[in-house]
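Let's have the full structure, built from the sequences with the hints guiding it.
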Amino acid sequence: IKSLMLYRLSYGTSPVENVTDGAFKSTGTITREEFVDKMSTAVRQGTKEEYGELFDKIDLIRDGLIDWDKLTSFVLLELYERDERARRSVIPHWKDLRFLPLIHKDAVQSVTLLKSPISYLTVSRSGLLGCWGESLKLQRTLQITTEAVKPKDLWVTSLVALPNVNKVAVSFTSKEIYFAELNSKQGFSCQYRLQGFGGTVICMDYWYNPHDGNDAILTMGDVCGQVQAIVFNTALISLFERPSNSTEDENVTMTVTWQELVSGYHKCCYVLRHKLHDKEWVRQVAYIPSLDVFLSVTTSSTNTLVLAWREKLSPRLTTTTFHVAQGVNAFDFHSRLNLIATAGVNRHVCLWNPYVTSKPAGVLEGHSDSVIAVRFITERKLLFSFGKDKVLRIWDIQHQLCIQRISGSFPKSLDFHSTLCFDESHGRLFISFNNQLTLLEMEQDSGKSRVASHRKAVTCLLYNSVLQQVISSDAGSTVIFWLIDTGQKIKEFTGCHGNAEISTMALNGTQTRLFTGSTDGTVKIWDFNGHCHHKLNAGRDRAVEISQIMVLSWTILVLGWDRTITVFRLSSLTQFLVQPSEWKGGARHQDDILCAAFLPPQTLVTGSSDGDIVVWNNSTESACSKLHLNSRRSLKSKLTGLTHHGFHVLGGANLVSCGGAGYVRFWNTQRGKLLAEFEAHSGVGSIIMSIDERSQYLITGDLVGWVKIWNIEDYCLILGENVNYQPPTLIRSFQMHDDCITYLETCVRNNCLFILSSSADCSIVLTDISGVLFGIFGQEGHWRIGNHVPSFLKEENKYDTEEENDIKKNTVSLVEEEEPPPIPVEQAVPVTEDNDNFAFVFRSLNIEALEETTEMNESDFLLHPDKYFGGKLAEKDSEDLKLPTLSATLKAAFDEKNLFPKEILDREKKSRQLHEEMCNRGRITNERKQGKLKGK
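Sequential numbering from 1 applies to the sequence shown in the UniProt record's numbering.
None of these hints come from the bench; they were simulated from the model. Here the structure is a predicted model, which means the values were calculated and not measured. Warning: the hint list may mix true and false statements.
Pairs of lysine to aspartate or glutamate residues, derived as EDC-like cross-links and limited to a Cα-Cα distance of at most 16 Å, are as follows [what the hints assert, rightly or not]:
#1 K489 to E780
#2 K412 to D389
#3 K267 to D215
#4 K626 to D591
Quick list of the computed label-pair ranges, beta carbon to beta carbon [what the hints assert, rightly or not]:
#5 S911 to H628: 52 to 58 Å
#6 W309 to Q398: 24 to 30 Å
#7 T145 to T512: 49 to 55 Å
#8 N346 to E379: 26 to 32 Å
Where a beta carbon is used, it is the ideal one built from N, C-alpha and C, also for glycine.
So, in structure tokens, the structure goes:
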């Protein structure tokens, strides 16, 4: 097609018009043979077969003739559709503008994203702090107060989160910075007060090393043109050195002066600074770790953008300056493209190479007023820009063109203060207009044809082993039931909790009742016909985040929003609306309990948002102990999962936990000891996990859709003296989803272990334990598990020489002489959908056609007994044959070899041998495990 268009543009005529004879010009048409010959001769690109296929696509009515108009129309439509597909794959599609609940009375100064757990912080000028959950439900509000300023005179200038130490830093016009606990239950509890600045700090930025949380940098810019940075060396232990007589109580505020930091009094940190902005207000600062440089901008035409490079083993900074006419309001940096984007007061968005100061690498023009903010969309190589003209523009960085313009839906206020925050992982763009916070959210899977199991993000997943069904829920309060063997949807319940999101689900012990927990603070108990039997008022008439439901023999435990366990007694389920009972153990956690695990017969373990793990006696509901981390080596983080790991007689691990920093830890609850710790996923924040019933495999998933399968069969079997920091064997690592994984589940079908995973990309995926994609629930074609044999990795299927010899000794000798057992007749055939994703479906049954049989009056073995009984007759003399008595025939063994054809007997023998071989392998593997345990 491209060749045809280039020919037309180059020569002004088409190849058809140039090379066809007078008959074409007179009739205006050309046949298939003429088209193929003439086009291949004129264009000199492509094959005759390709031109034949092109003719067939153009000749829709199949009359064997086309003209130039049909050809050009087809080419233009093809190019248009190709451009549309490319545009849809790049340009984001947005939902309608959403106005979040109005909680602030004055201008919003900052919107901050917290990645672990996903939440958002907003702070207003008067110091009101709002905490929003991942579902954008307001969780709580806090009023920030200081000792130096009365509440009515308080003015907050900036806020940044310190996620590695669970704190926030807030700056005020009183030339102070307060460091407070992020998850404190006692309001705004300040731990450190940093004062004595020369000018008011109006912008801040915080960075920490994801591989070593002790290394962190807080960068600040003030109204006097100073850029200052505090480099922390032991952030996880303490930000600043406390006096020897001071306590670590978070309620006691420690005062630190800026002069102490400059003088080097605090050995755990040091200061870097420069004053190149010459008393101009510093509008934004940031530390870029890939360049090891500090960036800062002002609205001055000289020294507008300053890059301060750090020197190794020296407190000095080497600076580079950029001059931009009328100055810059904000900037952003793209680490992959190595580009700096600046929001100019002169209505221009400029792209800069950090090493070229003479001129920008590109200038993006289109705004009619000053540009307020810019943000990169890293994965799509796009750039946001928002101006005072209330126009949001999206730019293609490579072509430096505006590909999308959004306006008209924003608030109509003439004079406004605005801040912008972009959460790329969730496709959320927050823009504030004075005290009003608005949200633009991208449509999921725009430009992609991925199969969607739900219309909204999938939140939870269960497997019912009794009914062999998969049960899934989503953010739209919908529950869907699927058949595991085929992937077929069999029923769907909508509006289970109105419009509230279903955050978690559980099954009772008999798997006949479904429990759904929602963000409306209730838990509902359903049968599988869609009838709700009970409604548990877990939140006590409040909208709360429920993270887990645990159904035990006599109680129902509900967790997620409180420091105490919310419990319901099964004996109290006599009315439709059920109120919670009192948990006898009270509050043993300092923060919200998010997860729990039950270790039979009576041990209950709970984990909270601050990383604490408490062990309970479920029978008496009393706390037994608390599990602690080694603070020097381990990074304390939010717990997202606890699971039972089995019990080992040699004192091995019986509990596994995972958390917000991507770490997995193995514990022994009886000794209260940490046995092993390793980083399962690096640099992606919170992870989730699941373990199969036999405790052989650990499956972990992260926020970007990656799944890892670990072999933990021989991991942490013995209680050692030191913590093991080596990870178990990694079997497979693969990206199964396009967005964060919300739930992992395992199931066994036909002696094969399968993995079920759900994601915010609205899909539910079924894979085998070797990581091979089996199918996506909701796809057009159904699969059939049948006798599926997973393609295990070589490491999983290897047997050492000793085991192979044992197997051979315990296997029927005929197996060695004959061919290997046949592959089951049902086989999974991969159907490639694209380069990245492929699914398994069953194409057919491998059943051969039966041979034609001739009609016979009597059975063949009666007409020709020598074929079937010849060997028997040869052993005995015919004269000695006697008819057996009736009693003897009843006791005689049934000899099937003399009744069925040899083909049927051979097939039955091979199936029996295959079964015996599998049983022998399993027995030898168990003996080998027991031998290892005895040896240790």
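Exercise. Hint by hint, work out which the structure violates, then give me just those numbers in ascending order.
Key: Every hint satisfied by this model.
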